[in-house]
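Student: In numbering that gives the first Met the number 0, the protein residues as written are 0 to 81.
Just so you know, these hints were derived from the structure itself, not from any lab.
Since the model is a prediction, treat every value here as computed from it, not as a measurement.
C-beta: ideal position from N, C-alpha, C; glycine also.
Do not take every clue at face value.
[Said to hold, decoys possible] What follows is a list of derived Cβ distance ranges for each label pair: (1) Cys78 to Lys20: 51 to 61 Å; (2) Ser12 to Val62: 17 to 27 Å; (3) Asn16 to Glu77: 37 to 47 Å; (4) Lys56 to Gln33: 16 to 26 Å; (5) Tyr58 to Arg18: 51 to 61 Å; (6) Asn61 to Lys15: 40 to 50 Å; (7) Lys71 to Ser12: 55 to 65 Å; (8) Met64 to Lys15: 45 to 55 Å; (9) Thr42 to Glu68: 24 to 34 Å.
[To be verified] Here are the simulated DSBU-like pairs of lysine-lysine, each with C-alpha atoms no more than 35 Å apart in a straight line: (10) Lys71 to Lys56; (11) Lys55 to Lys71; (12) Lys73 to Lys55; (13) Lys56 to Lys15; (14) Lys56 to Lys73; (15) Lys50 to Lys71.
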Amino acid sequence: MTNKPTKNNTSSSHRKNERNKAEELVKSRELDQQEELSIRIDTLVELLSEKGIINKKNYINNVMMRIHETSKAKSFDECDEI
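Full structure from sequences and hints, please.
Tutor: Shown next as structure tokens:
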């Protein structure tokens, strides 16, 4: 039995070559800590939402409210310092 290139082997090899070329074209850059943390949290929220542990919409609303409250509190603190 010889290893003749079959259509599946050839197309699979072709896809690998194309993928390697694409990877060479795309250069990655280092993420800063804030970007990495944001990606980690987004991924965690997605996983928890998919498993039904949290409600993603409620989570997003709670986060937005907390961000607004914190921003407002910092603004008041800065006004008090003046």
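Student: Confirm or reject each hint.
Tutor: Results for each hint:
1. Cys78 to Lys20: 51 to 61 Å: Check passed, 57 Å falls within 51 to 61 Å.
2. Ser12 to Val62: 17 to 27 Å: Since the Cβ atoms of serine 12 and valine 62 sit about 46 Å apart, the hinted range of 17 to 27 Å is violated.
3. Asn16 to Glu77: 37 to 47 Å: violated, 57 Å
4. Lys56 to Gln33: 16 to 26 Å: holds, 24 Å
5. Tyr58 to Arg18: 51 to 61 Å: violated, 35 Å
6. Asn61 to Lys15: 40 to 50 Å: holds, 45 Å
7. Lys71 to Ser12: 55 to 65 Å: holds, 59 Å
8. Met64 to Lys15: 45 to 55 Å: holds, 48 Å
9. Thr42 to Glu68: 24 to 34 Å: holds, 25 Å
10. Lys71 to Lys56: This hinted pair holds, its Cα atoms lying about 23 Å apart.
11. Lys55 to Lys71: At roughly 24 Å apart (the allowed maximum being 35 Å), lysine 71 and lysine 55 satisfy the hint.
12. Lys73 to Lys55: Holds, because 27 Å separates the two Cα atoms, which is no more than 35 Å.
13. Lys56 to Lys15: Outside the cut-off at roughly 39 Å; violated.
14. Lys56 to Lys73: Between lysine 56 and lysine 73 the Cα gap is close to 26 Å, so the pair holds against 35 Å.
15. Lys50 to Lys71: holds, 34 Å
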